[in-house]
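Protein chains in written order, with my numbering: chain A, 1 to 296; chain B, 1 to 159.
Rather than coming from a laboratory, the hints here were simulated on the basis of the structure. Treat each hint with caution, since some may be false.
[Claimed, not checked] FRET-style restraints, in silico, Cβ to Cβ:
hint, chain 1, residue 1, chain 2, residue 2, range
1, A, S148, B, S8, 41 to 47 angstroms
2, A, P141, B, E154, 54 to 60 angstroms
3, A, H270, B, R157, 42 to 48 angstroms
[Stated by the list, open to error] Using 30 angstroms as the maximum straight-line C-alpha spacing, the simulated DSSO-like pairs for lysine-lysine come out as follows:
hint, chain 1, residue 1, chain 2, residue 2
4, A, K291, A, K66
5, A, K66, A, K296
6, A, K58, B, K3
7, B, K158, B, K83
8, A, K2, B, K3
9, A, K237, A, K269
By construction, the Cβ of each residue, glycine as well, lies at the ideal position given by its N, Cα and C atoms.
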Amino acid sequence: MKPVSFDYFAPTTVNEAVALLEEHGEDAKILAGGQSLVPMMNFRLVRPTCLVDINQIKDLAYIHEKDDRLHIGAITRHRDLETSTLVQQCNGLLLEGVQLIGHTAIRTRGTVGGSIIHADPTAELPAILAALDGEVRLIGPNGQRTISWRDLFVTFFTTVIEPVEICDEVIIPRLPSDAGWAFEEFTRRHGDFAVAGVAAVIVTDNNDRCTDARLAITGTAPTPIRATQAELFLVGKSLTQTTLDEAGRLVSTEVEPESDVHATADYRKHLAGALTTRALQRAVARCHSRKDQQEK
Amino acid sequence: MSKRMPISVTVNGETREEYVQPRKLLVDFLREDLHLTGTHVGCEHGICGSCTVLMNDEAVRSCLMFAVQANGAELRTVEGLSKHGKLHPLQEAFQEQYGLQCGFCTPGFLMTACDLLEHGQDYTEDEIRVALSGNLCRCTGYQSIVESVQVAAEKMRKG
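Work out the full structure, taking the sequences as your base and the hints as a guide.
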């Protein structure tokens with residue numbers, strides 16, 4: 001038996017969970033899917049004295065669409081996103097990104113809220129939240145607040161969530177119907193944590209000029225970031241190969257990664273650029289094929 | 001030491017009621033409390049896939065769950081694959097195609113493949129490789145495991 005001893009609570013409502021967090025303070029940890037927390041507990045890198053297991057809050061497992069936004073309950077499993085017809089219909093980027101998370105057995109348990117609040121800078125869902133300007137809803141003793149991704153992520157594995165708060169919903173805007181998208185990442189083995197990744201979304205007008213570009217980059221900063229210089233460069237341009245190459249070059253100069261045991265800073269810069277060009281190529285191809293379909 | 005909690009789980013069709021400490025991992029519960037040692041413990045942090053079991057018909061890593069979390073669930077382990085002395089098509093295929101050498105990783109591969117093939121039997125080799133990518137084998141080089149799953153899919157298609 002590896003983890004240290006802890007008190008275990010399995011509340012069935014969000015209010016109950018918040019009350020438990022208030023009662024036990026910073027010693028308490030929320031257990032969602034457990035696919036990151038439990039390994040850290042097995043290594044005893046994390047030693048909570050109290051676990052609040054939110055898997056029994058069945059109301060937190062849902063996916064629905066309202067006002068062109070997907071509302072996803074925090075305890076919704078990655079596997080449920082992957083198999084959801086609603087996600088397939090209205091958010092291909094989310095579908096593509098979620099399929100890159102770990103392996104099937106990880107996705108069976110891993111949750112949307114857990115993945116975002118864990119705030120791994122190489123993770124897929126935080127990048128998708130960044131690319132699509134998503135939000136999360138946090139509930140605490142003093143009520144609820146909705147936080148944009150820009151204000152959510154603080155640094156490595158850290159968000160603005162208070163120890164007494166729980167994330168109950170993730171809100172992701174629908175992709176425009178004429179958008180093209182792609183999620184590209186580099187991992188050493190399939191399903192591993194990515195060294196770097198890029199979530200790209202582009203929209204073009206009838207003259208094939210780019211009207212909107214979004215590039216969210218993982219693995220090059222303590223949080224997911226948007227490559228704003230490259231995005232600005234793309235808007236108004238005709239998306240030729242030269243333009244996409246230049247966007248990749250801009251991203252590789254724009255990001256400021258640090259070297260670590262997995263990759264040097266230079267290599268991460270190179271990857272961010274190469275993956276950007278690759279993601280944009282696929283996004284443009286999707287844009288064209290969707291336009292062709294609409295014309296038919 | 002936190003108090004033991006009562007749990008009730010159905011394992012391979014049989015209901016088992018036990019008291020467990022909250023910190024007991026599901027894999028340790030299966031092996032130590034239920035004496036079902038077919039499920040293997042490898043890395044204990046969700047990398048190797050050896051401890052994969054089915055919970056409510058979906059593959060999970062039993063080293064990344066606490067036994068208390070399985071309360072009320074239906075679990076299936078490698079011990080439950082064969083029925084009435086007859087091997088499961090996956091087990092037959094692994095035997096015929098030399099899908100194992102030392103056998104340590106095999107229960108995890110079988111349960112991962114079981115989830116895959118119960119949700120469809122029509123996969124390309126690439127799809128099978130992706131589906132198995134969360135399980136590590138240090139003996140076979142994977143080729144014979146992929147072939148075993150392909151053969152099992154064929155057997156299951158034919159019924």
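Each hint, compared with the structure:
1. S148/A / S8/B: 41 to 47 angstroms: Holds, since S148/A and S8/B (Cβ atoms, about 44 angstroms apart) stay within the stated range.
2. P141/A / E154/B: 54 to 60 angstroms: holds (58 angstroms)
3. H270/A / R157/B: 42 to 48 angstroms: holds (45 angstroms)
4. K291/A / K66/A: holds (25 angstroms)
5. K66/A / K296/A: The hint holds at about 29 angstroms.
6. K58/A / K3/B: holds (25 angstroms)
7. K158/B / K83/B: Within the cut-off at roughly 18 angstroms; holds.
8. K2/A / K3/B: holds (17 angstroms)
9. K237/A / K269/A: Status holds; Cα separation ~24 angstroms.
When the structure is compared with the earlier hints, no violation turns up for any of them.
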